[in-house]
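These protein sequence lines map, in sequence, to chains A and B.
Read in order, the letters of the first sequence are residues 38 to 508 in this note's numbering.
Read in order, the letters of the second sequence are residues 5 to 202 in this note's numbering.
FYI, nobody ran anything at the bench for these hints, they're computed from the structure.
No experiment lies behind these values; they were computed from the predicted model shown.
All C-beta atoms, glycine included, are put in the ideal place defined by N, C-alpha and C.
A portion of the hints provided could be inaccurate.
What the hints assert, rightly or not - With a Cα cut of at most 20 Å, we get these calculated EDC-like pairs of lysine to aspartate or glutamate:
#, chain 1, residue 1, chain 2, residue 2
1, B, Lys-9, B, Asp-97
2, A, Lys-356, B, Asp-97
3, A, Lys-355, A, Glu-345
4, B, Lys-190, A, Glu-124
5, B, Lys-173, A, Glu-56
6, A, Lys-82, B, Glu-40
7, B, Lys-190, A, Glu-345
Claimed, not checked - To give a feel for the contact side, a few chain B residues facing chain A, derived at Cβ under 10 Å:
#, residue
8, Thr-39
9, Asn-115
10, Lys-133
11, Glu-147
12, Lys-190
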Amino acid sequence: MKKTLFDKVWDSHVVKHVEDGPDVLFIDRHLVHEVTSPVAFLGLKNRGIRVLHPERTFATADHNTPTINQHLPVADPLSANQLKALEENAKEYGISHWGLGHKKNGIVHVVGPEYGITQPGATIVCGDSHTSTHGAFGAIAFGIGTSEVEMVLATQCIMQPKPKKMRINVKGSLNFGVTPKDVALYIISKLTTSGATGYFVEYAGDVFENMTMEGRMTVCNLSIEMGARGGMIAPDEKTFDYIKGREFTPTGAAWDKAMAYWETLHTDPDAEFDKELSFDASDIEPMITYGTNPGMGMGISKSIPKAEQVEGGVSTYKKSLGYMSFNEGDDMIGKPIDFVFIGSCTNGRIEDFRAFASIIKGRQKAPNVTAWLVPGSHQVEAAIKEEGLLAIIHEAGFELREPGCSACLAMNDDKVPAGKLAVSTSNRNFEGRQGPGSRTLLASPLVAAAAAVTGKVTDPRELMEKLVASS
Amino acid sequence: MAYDKFEILTSTAVPLPIENVDTDQIIPARFLKATERKGFGDNLFRDWRYNNDNSPKTDFVLNDSTYSGKILVGGRNFGSGSSREHAAWAVYDYGFRCVISSFFADIFKGNCLNIGVLPVQVSADFSNKLFSEIEKDPKTVIEVNLQEQTVTLLATGEKESFDINGYKKDNMLNGFDDIDYLVNVKSDIVEFAKNTPL
Ligand code: SF4
């Protein structure tokens with residue numbers, strides 16, 4: 038039978054099918070962090086069960102960690118308590134733990150690929166919905182709840198009905214100034230935040246083939262924001278080159294055996310999807326969101342749609358614009374902003390900092406802007422220094438913070454104050470996501486950089502063109 | 005953690021006719037710092053429910069004594085966003101045993117089923133019907149019958165059936181969870197693990 042990439046990976050991990058119910062799915066790699074795991078470990082303890090495969094679980098601290106002075110004790114007692122619980126649980130059950138201060142520490146979805154834990158054809162889960170990131174390698178990766186974290190710890194399996202399959206094709210070549218983040222925000226704006234609910238997505242077409250691994254991670258990361266459980270891209274030479282030689286990547290005969298499997302990982306011609314969508318790359322411009330969910334996005338040069346033009350509930354739409362203090366028909370360009378956040382598992386990797394640096398180079402941070410530049414991991418932080426980006430950052434009047442989730446979900450002190458407007462490279466603009474009352478515009482690192490130096494929403498292409506012209 | 009069995013729930017309902025209610029609204033991230041599953045109901049819809057000085061926002065439905073019950077009727081695309089099970093815990097801990105919506109986000113729905121909250125997906129028409137009946141009479145009683153897979157407006161007898169797979173239905177009827185099942189098939193899992201490619 039003709040199979041899709043998704044079928045191949047899923048079917049080879051089904052231990053058992055429960056009649057009129059879910060599949061028992063074997064999980065190759067399990068990532069845990071301090072927020073969604075403590076109750077799962079408690080559950081194990083109460084049931085008196087050990088972890089079945091401690092070598093398949095990896096723990097890192099990220100959601101709750103401070104992004105300055107990480108060498109000092111964590112001030113918030115509740116956060117400190119969660120971090121301690123993770124450390125103790127990892128120790129008790131023999132799980133590798135990259136806590137605060139560890140050189141491999143970083144955001145769970147950034148360190149997984151960096152150390153070769155993320156591999157093609159694997160099933161990967163984590164108690165965080167952006168686990169979909171790892172799909173960039175041709176893995177089936179998705180977020181789970183705490184009960185499921187407990188299941189994986191106890192049995193290395195979870196119970197899931199097989200999702201439907203969707204393929205999203207983007208063909209052509211991307212316009213100047215358009216990044217993987219824009220591609221994803223564009224697709225979400227077309228599908229809405231529920232458009233892919235019930236589906237697992239495969240991204241296909243030249244745009245994704247030509248994308249770097251980091252770009253693919255950004256796209257797959259955002260799959261959950263269109264409601265999909267996850268998204269994946271067939272592995273290719275770029276994928277194999279990326280993973281080769283990393284700490285947890287197989288070597289020697291094990292590599293050859295893995296390659297034999299990995300090379301089968303593509304959708305067969307004529308394999309069927311439950312739904313197939315196609316977009317044209319030339320229609321995409323740098324994107325920005327204007328509302329309180331990631332589907333409320335548009336090309337940066339456009340104006341906010343009128344309520345009659347949007348699908349769905351008018352009252353919900355008006356409530357959302359009311360929260361943002363925006364009006365139907367407003368232009369986004371020129372809106373003064375207060376905060377800029379570069380980071381998160383969506384856009385906290387080295388290519389994102391390169392993009393940011395390319396715009397701020399030779400310019401100055403706008404005086405009205407508070408900027409948080411937060412690398413996704415220590416490895417990213419080290420690369421920023423090695424590549425000379427730190428000097429550019431400092432010359433332009435910015436500071437670099439230490440790795441963590443930071444203002445992506447504002448569980449630590451990095452909270453945007455009520456009423457303030459932030460341009461963020463993260464993934465959610467929900468009410469209060471970046472701090473109670475905060476207002477978020479999601480965008481690419483280029484758009485964020487342009488805002489950081491101009492103090493307002495600015496089309497990055499203008500600054501990029503000027504650079505090209507003056508060089 | 006096992007939960008109470010779910011058979012027939014007959015209750016008034018609390019209406020929340022807002023679309024795309026996301027998990028950050030159900031339970032904001034700053035309340036996820038516990039290491040035990042306790043007290044999440046107090047912070048259910050925290051920022052819609054309370055002002056900055058912790059005084060209740062009087063116009064929010066949970067602060068309006070006109071409405072009460074063990075059923076929450078939400079707008080379309082309920083529970084979008086994060087995988088935090090804390091959102092489902094907050095709903096349960098507050099006292100809801102059932103959420104009715106015309107459309108659920110996947111992970112939230114799965115989390116609910118795992119912890120003993122029944123997500124009931126109905127048609128947009130029926131959902132509108134529920135909202136308008138509750139608006140007319142806040143004491144409107146709804147019956148959710150899991151065995152029959154029906155949701156009924158008791159006053160008029162209008163009903164609709166809903167989907168749930170047989171396995172999850174059995175679990176809810178008996179108060180079992182997936183871990184019980186998985187632990188029972190552990191020998192199959194151990195055998196399977198020997199031959200995994202990665
Ligand atoms: S950066 Fe944000 S989305 Fe990513 S893992 Fe952290 S909290 Fe989750």
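Hints versus structure:
1. A distance of roughly 15 Å separates the Cα atoms of B/Lys-9 and B/Asp-97; the hinted pair therefore holds under the 20 Å criterion.
2. Taken as a hint, the A/Lys-356 and B/Asp-97 pair is broken in the structure, with Cα atoms around 28 Å apart against an allowance of 20 Å.
3. Between A/Lys-355 and A/Glu-345 the CA atoms are separated by roughly 11 Å; this keeps the pair inside 20 Å, and the hint holds.
4. Restraint check for B/Lys-190 and A/Glu-124: the C-alpha separation of about 27 Å exceeds 20 Å, so the hint is violated.
5. At most 20 Å may separate the alpha-carbon atoms for a hinted pair to count; B/Lys-173 and A/Glu-56 meet this at roughly 12 Å.
6. With a C-alpha separation of about 12 Å, the suggested pairing of A/Lys-82 with B/Glu-40 holds against the 20 Å cut-off.
7. Our distance criterion of 20 Å between C-alpha atoms is broken by B/Lys-190 and A/Glu-345, whose separation comes to about 55 Å.
8. Look at B/Thr-39: its Cβ gets to within about 4 Å of chain A, closer than 10 Å, so that hint holds up.
9. Interface hint status for B/Asn-115: upheld, as the beta-carbon distance to the closest one in chain A is roughly 4 Å, under 10 Å.
10. For the restraint placing B/Lys-133 at the interface with chain A, the shortest Cβ-Cβ distance is roughly 16 Å, beyond the 10 Å limit, so the hint is violated.
11. At its closest, the beta carbon of B/Glu-147 sits 24 Å from a beta carbon of chain A; the interface hint therefore is violated under the 10 Å criterion.
12. Evaluation of the B/Lys-190 hint against chain A yields a held restraint, the C-beta minimum of about 6 Å falling below 10 Å.
Figure legend: structure checked against the earlier numbered hints; hints not met, in rising order: 2, 4, 7, 10 and 11.
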